[in-house]
Every structure is written in C-alpha cells, then in structure tokens.
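Novice: Next come the chains, spelled out residue by residue.
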Amino acid sequence: MGMTIAEKIIARAAGVKAVRAGDIHTVNLDRMMSNDGTTHLTVDMYYNKLKNPRIADVKKMVFIVDHNVPSDSAKTAGSQKKMRDFAREHGIDFWEGKGVCHQIMMEHYVCPGELIFGADSHTCTYGALGAFGTGVGCTDLLYGMVTGTSWVLVPETVKFNLTGSLPEGVYPRDLMLTIIGQIGANGVNYQVMEFTGEGAKTLSVNDRMVLCNLAVEAGAKTAIFEADEIALEYLRERGREPKAVFKSDEDAVYAKEYTFDLSEVVPVAAKPDFVDAVVPAREVCGVHIDEAFLGSCNNGRIDELRVGAAIVKGRKVAEHVRFLVVPASQEVYRQAMEEGLIQIFMESGAIVMNPNCSVCWGSCQGVIGENEVLISTGTRNFKGRAGHPSSKVYLGSAATVAASAVKGEICTADML
Amino acid sequence: MGQTIIEKIIARNIGAASVKPGDIVTVNVDRVMLDDIMMPFIVNKFQEMGFKEVWDPDKVVLIYDHLVPASQQDDTRHYRIGDEFAARHGLTHVHRSDGICHQLMTEAGYVKPGDVVFGTDSHTTTYGCVGAFSTGIGYTEMAAILGTGQLWVKVPETIRVVIDGTLPEGVMSKDIILRLIGDLGADGATYRALEFGGQTVEQMSIASRMTMANMAIEAGAKCAAFIPDEKTAQYCGIQLSGFQAGLRGDADASYVKTLTYRAEDFLPVMACPSQVDKIRNVSELAGTVIDQVFIGSCTNGRLEDLQAAAAVLKGKQVAPFVKLIVTPASRKVYLEALECGALQTLMDAGAIITHPGCGLCCGRTGGILCDGERVVATNNRNFLGRMGTSKVEIYLASPVTAAACAVAGKIVDGVQV
Amino acid sequence: MEQFTGRVWVLGDDIDTDIIIPTEYLALKTIEEMKKYGFSPLRPELAAQIGKGDILVAGKNFGCGSSREQAPEVVKALGIRCVIAKSFARIFFRNAINNGLLLIEQPDLYDEIKEGDTITVTVNQDVDYQGKRYPIASLPENLVEIITAGGLVKAMRRRNGLED
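Chains as they are written, first to last, in the numbering used here: chain A, 1 to 416; chain B, 1 to 417; chain C, 1 to 164.
None of these hints come from the bench; they were simulated from the model.
Check before you lean on any hint, since a few could be wrong.
[What the hints assert, rightly or not] Simulated pairs of lysine-lysine, PhoX-like, Cα-Cα distance not exceeding 20 angstroms:
#1 C:Lys36 with C:Lys76
#2 A:Lys316 with B:Lys231
#3 B:Lys231 with B:Lys332
#4 A:Lys243 with A:Lys59
#5 A:Lys75 with B:Lys391
#6 C:Lys86 with C:Lys132
#7 C:Lys154 with B:Lys52
#8 B:Lys332 with A:Lys313
#9 A:Lys201 with A:Lys247
#10 A:Lys247 with A:Lys159
#11 B:Lys316 with B:Lys231
#12 C:Lys76 with C:Lys29
#13 B:Lys314 with B:Lys410
#14 B:Lys20 with B:Lys257
#15 A:Lys82 with B:Lys391
#16 B:Lys316 with A:Lys81
#17 B:Lys410 with A:Lys81
#18 C:Lys154 with C:Lys52
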C-alpha cells in the first residue's frame with residue numbers, strides 16, 4: 001500500500017520501510033528549534049530535572065530570540081540571557097534579532113525530507129519545502145535535545161487538491177483563510193494537510209509558507225507540499241541540498257480530499273476572535289481601526305512587503321492609525337531596503353520595526369489597548385492576543401491591511 | 001553692562017532693556033513641547049485648573065516618542081488622551097511616530113534662535129543648539145502655560161565654556177560634554193546656563209552642538225546656549241534677524257565662571273556606572289567585557305552619529321553574542337541614513353535597527369537588560385536601573401566608541417579599531 | 001512659625017528621578033499605583049517602610065535627572081513631610097513647590113544624622129537634631145505665594161475664578 005509524503009518522512013526518520021496512520025514510532029529528529037518563548041524553561045529543566053544532562057547532537061539545535069526583541073523588560077532579558085549563555089556554553093547555533101524563528105529556519109536550515117521539531121506551534125511552516133515540521137512543548141523539546149529522538153503517532157493525511165490560479169488582487173493568505181473558514185478551526189485535527197494539484201504549481205515557496213504556516217489554525221499537525229522544482233530552486237539559491245525528495249504514492253491513503261479552485265477565491269477577513277470566522281473582506285469594510293500590522297511568520301516576507309508598498313506608495317497612513325511594518329527577517333528587511341520598499345513605508349508614515357514577532361505575539365512591540373481594533377497579517381485573532389482583553393483583531397491579506405491603514409478603516413485595496 | 005546670550009533672550013522676551021541673574025521675571029512662551037508619557041497628567045492638571053482653551057494652539061507641539069511602539073497595554077491610552085486633547089483644542093502640530101521630541105522640535109523647525117521654549121522633558125535644554133532659551137518643566141507648570149502662555153523664571157547665572165582648536169580623530173562632541181560634566185560635577189551647573197564658544201564649537205555641525213546642549217542638564221544646568229551662526233540659519237531655514245545675529249555673549253558680560261579647553265586635549269571618554277559625572281578615559285576601561293551596545297537617543301541618534309558608527313562597522317561584524325541596537329532619532333534621520341547607506345552598513349554588520357523613538361534610553365523597551373549585564377550606550381543617562389535592573393552597568397560613550405566596542409565585544413578605544 | 005517633628009530616612013548624593021520613580025512605572029494611571037515603586041532601584045523595601053510625617057534627608061543634587069513631576073508627587077504620596085538635602089536639582093525643585101512638597105536646603109545636617117533618628121523642623125528658621133540647631137533659609141517670595149495658594153493648580157483655579 002502506498003504512502004503519503006508525511007508518512008515517507010516519518011518512515012525515513014524511524015528507519016523503517018513503511019508506516020501507516022495510527023502507528024507510533026520512535027524517530028530520529030533532523031533538527032530542533034527553540035525560541036525565547038520557552039527556551040529558558042527547557043534550560044531550567046535541563047539543569048534541574050535531569051541526572052546526566054547531555055545534548056545528543058548540538059548541530060541539530062537552533063536557538064532563536066525573536067518574540068521579545070529587543071527585550072522589553074528585565075524579566076524577558078533574564079530569560080534571553082539564560083538562553084544565550086546556554087547556547088554559548090554548548091555551541092548551539094544562536095540567532096538574536098535576525099528574524100522570526102520560522103523565517104530564519106526556512107532561510108538557513110530546513111531541507112526537504114527532514115523531520116523537525118520546534119517549540120512553537122507554527123513550525124508547520126516548513127512543509128513549504130517538503131519537510132515535516134511540527135510544534136511541540138518544551139518537555140518534548142528537551143527529550144529530543146538529550147536523546148536526538150522522539151516518538152510520533154503517524155497522523156492521517158488530508159489531501160487539498162488546488163486547481164486554477166489566484167486572481168489579481170487575491171493572495172495565498174486569502175486562500176488559506178478561505179480553506180480554514182470552510183473546514184473549521186479543528187477541521188484537520190491531528191492530521192496532515194497535503195497541498196497538491198495544478199494550483200500548487202502556481203505558488204512560490206513564499207506562498208506555500210503562507211499556507212503551511214496557518215495549518216495549525218485548522219488543528220493540523222503539519223502541512224506539506226511536494227518538494228518540486230520550485231522548492232529545489234529555493235534550496236539551491238541558498239546553497240542547500242535536500243535530505244530526501246518524497247512524492248505521495250498513487251495509491252496513498254487519504255482520510256479525506258478537498259478541492260479548491262484558486263480562481264474563485266476572493267479577498268477575505270477573519271473576524272474576532274476566531275481564525276475560522278472568515279467572511280468576504282467586503283463584509284467588514286468600514287470597521288474603524290486603531291492599528292494595522294504587516295508582518296509575522298505568516299505574512300512578513302518580501303512578497304507581502306511589495307504588495308503593501310505598492311498600495312501605500314504616494315499615500316499617507318491615516319492620522320489616527322499606527323501602521324506597523326515588520327519584516328520577517330533581516331534578509332527580508334535588507335532586500336526591502338534595496339528595492340526601495342522601506343523608503344516607501346517610512347515616507348507614508350508607517351512604523352518600520354526590527355524583525356520580531358511584534359503584535360502578533362502581543363507582548364512586546366506595538367500592543368493594542370483597551371477597546372482598540374487591529375487589522376493584521378498575523379497568525380491569530382484570539383481574544384486578547386494582541387494586547388488588552390477588550391481589544392479586537394481582524395485578519396486579512398497584506399493588501400487589505402495596507403489599504404485599511406491608509407483609509408483608517410477596514411477596506412480592500414480596490415476601494416482606495 | 002554687557003549681557004550673556006540667555007540674558008539677551010529673556011530681556012527681549014519681556015520687553016526689558018536688560019535683565020540680570022537672580023531677577024524673577026514672567027516670560028511669554030514662544031513654543032511648548034508635550035510628550036506622550038506626561039500627556040494624561042498635563043490634561044488632568046489643565047482641567048483641574050479650570051482652563052477652557054489653549055492660549056495659542058499653533059505654539060503647541062505634541063509628540064509621541066517615549067511609548068512608541070507601545071510595549072504595554074495601557075500605553076495606547078496616552079495616545080488616546082493626546083489625540084482627544086489635540087482635537088478638542090485644535091492642535092495641528094502632532095507627531096505620532098516621527099521620532100524623539102527634541103530631535104523633531106529643531107529638525108521640523110519649531111524652534112528658532114532667540115525663542116523661549118519649555119517642554120515636559122528634562123532634555124529640552126537641547127534647543128540651545130540653535131540659540132534658543134529652552135528648559136524642562138513638570139506637567140503642572142505645562143498646564144499653566146497651556147492656559148496662560150506664560151511662566152515665571154529666575155534669570156540664571158551663566159557659565160562660559162570656550163573650546164579652541166581641532167578635535168583629535170575619533171573624538172566627538174559627546175566626549176567634550178562628558179568631560180565637561182565630569183569637571184563640573186552632576187550639580188556643577190545647577191540653576192545656571194552653559195554658554196559655549198570658541199573655534200571648535202564654531203566648526204561643529206548643529207548635530208554635534210545638539211549633543212552638548214542636550215546633556216547640559218546632566219550637569220544640572222537650566223539651559224545651554226550656542227551662538228546662532230550661518231549653519232544655524234541654514235538648519236532652521238531662516239535668515240537671522242538683527243536680534244538673532246546679535247545673540248552672542250558681550251565682551252563685558254558677566255559670567256559666573258569661564259572654563260577654557262584646548263580641543264587637542266580631549267580623549268574618548270565614558271561615564272561609568274551609575275553617575276553621569278563619573279568620567280574615565282576609554283583607555284583606562286579597555287578590556288571590560290560587554291553584552292550590548294545602544295546607539296541612539298536625542299543625544300546621539302542623528303545622521304552624523306549613525307554615519308560615524310557605520311564608518312567604524314563597515315566590513316566588520318558585531319562580536320558574537322553581543323547585541324547592537326541602533327535607534328535613529330527621527331523618521332527624517334532614518335530616511336537620510338537609508339539614502340546614504342549607513343543603515344545598510346549597520347545592518348550588514350549585525351545591528352538591530354529599530355523604529356525611531358526614545359527606545360532603550362527611557363527604559364521602557366528597546367533592549368532592557370538584566371542582572372549582571374553591561375551595556376555601552378550613546379544616550380544621556382546611566383542612572384541606576386535606567387535600562388533594567390539596578391544590577392545593570394551602563395557606560396555612556398560617543399557613537400564611535402560605542403561602535404568599536406560592539407565589534408570588540410568589550411570596551412576599546414574607537415581610534416584603535 | 002510652622003513646626004513639625006518626624007522620623008528620618010537617609011539617602012545619599014545625586015538621588016535621581018529614575019531612582020525616585022523608574023520610567024517603567026510612569027504610565028501607571030495614578031500616583032497611588034506608582035508610589036509603591038518609589039525608590040525601588042536603590043531600596044526596594046523603602047516605600048513600604050516610610051510612614052506619614054517621615055522626613056527624607058539626602059546629600060547633594062537630590063532629584064537630578066528627568067522633569068517627571070511624578071517624582072515629587074510620589075515622595076509626597078508616600079507621606080514624606082519634607083525633604084532636607086544639601087542641594088536640589090532645579091526642575092525637581094520647581095515641581096515640588098508646585099505640588100506643595102516642602103524642600104529645605106541644609107548643608108550640614110546630612111553629614112551628621114543617622115537614619116531612624118527624629119528631628120524637629122521650624123519652617124524658615126532651623127532644624128533641631130538632638131538639641132543642635134541647623135539654620136535654614138527662607139524661601140523666595142514668589143515661591144511662598146505659590147505654596148501659600150496651595151500649589152500652582154490652586155493658584156490657577158483662583159485666577160480662573162474657580163476658588164476664592
């Protein structure tokens with residue numbers, strides 16, 4: 001019986017010929033990522049809970065400070081120092097202020113065929129390069145760090161057959177929000193979303209990251225694309241080689257199949273306080289906003305900055321709106337400088353911040369206050385996620401966010 | 001008898017032929033600066049005092065900088081209160097994310113030579129760089145000015161500082177003002193004006209003068225004054241009037257004391273934890289291991305500062321595990337630094353570039369530190385707990401020195417890098 | 001002549017505004033919320049120990065640094081009756097007067113006093129410490145006017161016809 005890409009990656013990591021959904025396997029992890037959200041807890045457990053603490057293979061470890069950077073309190077500074085000191089002592093790859101963790105991982109580490117654990121729910125992003133990335137807690141991460149292994153319950157795979165191509169002014173984020181709106185926030189619980197079909201070929205690695213990143217918002221364990229020529233080209237540009245390039249077999253077993261026609265997707269928004277409360281963006285037009293956020297591991301790459309800059313070029317951000325533009329990494333920021341995008345944003349009155357998780361994480365830079373409204377390209381719109389418990393978050397595409405920043409209320413780009 | 005710059009400004013303001021130190025006079029305010037952190041308190045006091053209208057909305061500048069970007073949920077409340085006040089009273093000069101107040105006041109042309117200006121921030125002394133009389137006040141007095149347009153001041157005595165000659169390579173105006181604060185002590189100029197003169201000062205850019213005027217408060221000074229010259233006129237976008245061109249200390253003016261320096265004698269220095277007047281030569285501190293470097297603030301976050309840092313960092317990398325945080329002083333500075341490539345150079349060296357604002361200097365976000373950490377910073381204060389816990393050590397230095405320290409990961413003399 | 005007696009807390013030279021109330025707490029909504037962080041970088045336990053009517057004695061340049069008026073307001077809200085220092089920073093001095101917090105310059109007392117002792121202050125005259133008298137200067141007239149009015153807010157209310 002055939003296997004899906006996800007099953008093949010797990011089989012490889014487990015050193016077995018075949019796995020099937022429902023099996024539990026011990027696997028060798030190719031890589032582990034931990035950020036400043038929880039690494040200090042992992043380090044504490046490492047020193048205080050283990051009899052003979054050791055690291056199986058430091059080369060598999062990556063520590064990234066991205067959530068609160070530069071730090072906003074002595075407490076976060078203390079957590080980060082613990083992380084920094086540990087990385088220095090053990091020779092672990094350490095990144096601070098260089099970008100949001102998933103973006104750094106994609107730019108520098110992730111390879112097709114790898115099984116990667118990250119102590120962050122959006123680790124599912126790595127499926128854009130045909131890797132199996134999934135979020136774990138810090139105890140799982142510690143176990144992985146010490147043993148180099150973990151256990152995995154092989155998830156079922158759900159096939160998302162994409163057809164057609166996105167119309168002008170409609171973006172992968174609209175597509176993914178549309179999918180989540182349709183299948184629901186637990187639509188693919190503990191399953192793998194496999195994106196395939198002719199429509200998938202129209203999507204760049206950047207686009208695929210947007211889709212995979214949000215998979216966890218539908219409850220998925222991860223999401224994955226086949227590492228095709230588009231993915232391999234991305235890898236070559238960065239001087240990396242695939243671990244293994246897997247395709248799903250013709251006779252692979254899927255728990256369910258969906259088909260989405262990209263050409264039918266329209267600009268959408270997710271209303272507070274649920275990612276699956278998705279409506280056509282036109283339905284929420286006119287909602288007064290206090291802040292707009294263009295950034296995050298979901299939507300802070302060069303493609304989205306280009307979209308946003310094209311909209312604000314020659315225009316001014318509405319007086320009462322704080323328009324946060326946060327490139328996902330220094331590499332993205334640097335390229336946006338070269339392309340003149342940063343200049344456009346700064347001249348429009350935007351607040352251009354150093355790469356970090358910003359208001360998507362709601363604790364460091366750009367938090368919103370009592371009863372305020374944010375339109376965001378971030379990952380989540382849960383209650384209180386971006387600041388005060390009474391505040392509200394709408395999710396939209398980079399185009400919708402940029403247009404709304406200019407208008408001072410939610411609007412789509414074609415309405416400006 | 002002759003008069004000092006500050007005496008001339010005050011006399012003209014009140015319509016008197018002359019004033020002398022110790023006189024208590026009521027001045028007519030030309031411009032005020034209100035910042036975000038004080039806004040709720042200013043508005044409360046204004047209402048409590050029973051005022052209905054702002055005396056002259058055109059003379060009021062409202063700037064959000066300490067709390068931008070917001071790092072705590074209640075921060076945005078300050079914007080809301082500011083926005084409401086601005087709308088109700090017709091304030092049109094409002095900057096919500098354009099940079100640090102003191103940078104904007106001069107850069108955006110709100111302050112001209114000879115003006116009398118007050119701000120709800122102690123570094124309001126900065127505007128002495130263009131020959132204005134400016135000083136920091138509390139929110140209660142600001143509320144009173146908003147209602148009346150007036151404030152009483154005691155005419156300060158003036159200390160004259162004369163610097164002649166050419167500064168050695170790698171020495172910046174920051175090194176001069178730090179040395180001066182060390183010589184005067186943190187209270188050495190309390191209630192007094194610091195008036196700067198001499199060839200070295202004449203040769204300086206307005207930006208370098210700003211650094212010095214900005215830190216006058218750290219010696220306790222009420223204000224600072226530089227002679228307005230052609231550079232000042234160009235910077236302010238004006239032709240100097242007869243009055244403005246005459247803003248120089250008369251030969252027979254009365255100074256409480258005069259300090260004379262040779263520019264060639266200055267060295268790169270640092271203010272050591274936790275007093276601004278604890279000044280040491282950088283060479284004496286060499287080798288001290290550091291965790292972070294901050295380049296920014298109303299003291300040293302201008303284009304020439306970023307360019308000086310970029311020149312040191314070009315082609316180099318910030319030391320491993322050391323963080324370099326660069327916060328341009330304003331949106332304009334940011335754009336200019338982008339245009340000339342300084343930002344790119346800094347970023348390529350590993351710097352974290354944040355949005356313009358007070359950033360780390362005011363200790364709310366932007367790189368707060370924890371127990372046992374050490375930072376070299378280009379801002380104006382190294383008080384206990386200013387950038388985190390009271391066990392953080394803060395060394396104040398020039399941008400050149402700070403950049404060199406970032407590369408070395410320890411304190412080093414910038415000229416040697 | 002106004003006279004009062006109080007227990008003394010002794011602080012050093014150059015007690016800056018960031019020590020009196022750190023920036024971290026400046027955006028709290030009220031002085032009452034802020035006051036428990038008073039002096040926290042230097043002596044975190046002090047704010048809770050200070051009692052109503054206590055007196056602060058310090059060295060030179062008390063209140064140097066920022067123009068934050070929360071500093072004298074916090075000192076006053078903690079119950080401090082007056083601050084006696086060798087000298088005060090300028091902005092702090094004005095802010096204190098405007099809020100009716102009494103400041104007294106006295107060059108010698110600081111060098112001799114011990115924390116926990118009691119002193120008696122006779123305003124505009126002297127400080128009595130264990131029988132020894134330390135002279136203090138009178139305040140300038142315009143400042144007396146503001147203090148007499150009950151602070152600058154009251155003075156302005158009177159100007160605006162809201163109070164007699």
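Novice: Each hint should be assessed against the structure and marked as holding or not.
Specialist: Consistency of the hints with the structure:
For the suggested pair lysine 36 (chain C) and lysine 76 (chain C), the alpha carbons sit about 12 angstroms apart, so the restraint of at most 20 angstroms is met. In summary, the hint linking lysine 316 (chain A) to lysine 231 (chain B) is not supported, as the alpha carbons are separated by about 32 angstroms, beyond the 20 angstroms threshold. Annotation: proposed proximity of lysine 231 (chain B) to lysine 332 (chain B) holds, straight-line Cα distance about 19 angstroms (limit 20 angstroms). For the proposed pair lysine 243 (chain A) and lysine 59 (chain A), the alpha carbon gap of about 15 angstroms is at most 20 angstroms, so the pair holds.
Only pairs whose Cα atoms come within 20 angstroms are accepted, and lysine 75 (chain A) paired with lysine 391 (chain B) is accepted, the gap being roughly 13 angstroms. A hinted pair counts as satisfied when its Cα atoms are at most 20 angstroms apart, and lysine 86 (chain C) with lysine 132 (chain C) qualifies at roughly 17 angstroms. For the suggested pair lysine 154 (chain C) and lysine 52 (chain B), the alpha carbons sit about 16 angstroms apart, so the restraint of at most 20 angstroms is met. At roughly 17 angstroms between alpha-carbon atoms, lysine 332 (chain B) and lysine 313 (chain A) fall within 20 angstroms of each other, so this suggested pair holds.
This hinted pair checks out: lysine 201 (chain A) and lysine 247 (chain A) have alpha carbons roughly 14 angstroms apart, not beyond 20 angstroms. Under the criterion of a C-alpha separation no larger than 20 angstroms, the hint pairing lysine 247 (chain A) with lysine 159 (chain A) is consistent with the structure, at around 13 angstroms. Under the criterion of a C-alpha separation no larger than 20 angstroms, the hint pairing lysine 316 (chain B) with lysine 231 (chain B) is inconsistent with the structure, at around 34 angstroms. For the hint linking lysine 76 (chain C) to lysine 29 (chain C), the alpha-carbon distance of about 17 angstroms falls within 20 angstroms, and the restraint holds.
With a C-alpha separation of about 18 angstroms, the suggested pair lysine 314 (chain B) and lysine 410 (chain B) falls inside the 20 angstroms cut-off, and the hint holds. For the hint pairing lysine 20 (chain B) with lysine 257 (chain B), the CA-to-CA distance comes to about 15 angstroms; that is within 20 angstroms, so the pair holds. Of the pairs offered as hints, the one joining lysine 82 (chain A) and lysine 391 (chain B) holds, with about 16 angstroms between alpha carbons and a cut-off of 20 angstroms not exceeded. Proximity of lysine 316 (chain B) to lysine 81 (chain A) is assessed by CA-CA distance (about 24 angstroms); at most 20 angstroms being required, the pair is judged violated.
At roughly 17 angstroms between alpha-carbon atoms, lysine 410 (chain B) and lysine 81 (chain A) fall within 20 angstroms of each other, so this suggested pair holds. Simply put, lysine 154 (chain C) and lysine 52 (chain C) have alpha-carbon atoms about 23 angstroms apart, too far for the 20 angstroms limit, and the pair is violated.
Hints 2, 11, 16 and 18 from the list above are not met by this structure, while the remaining hints are.
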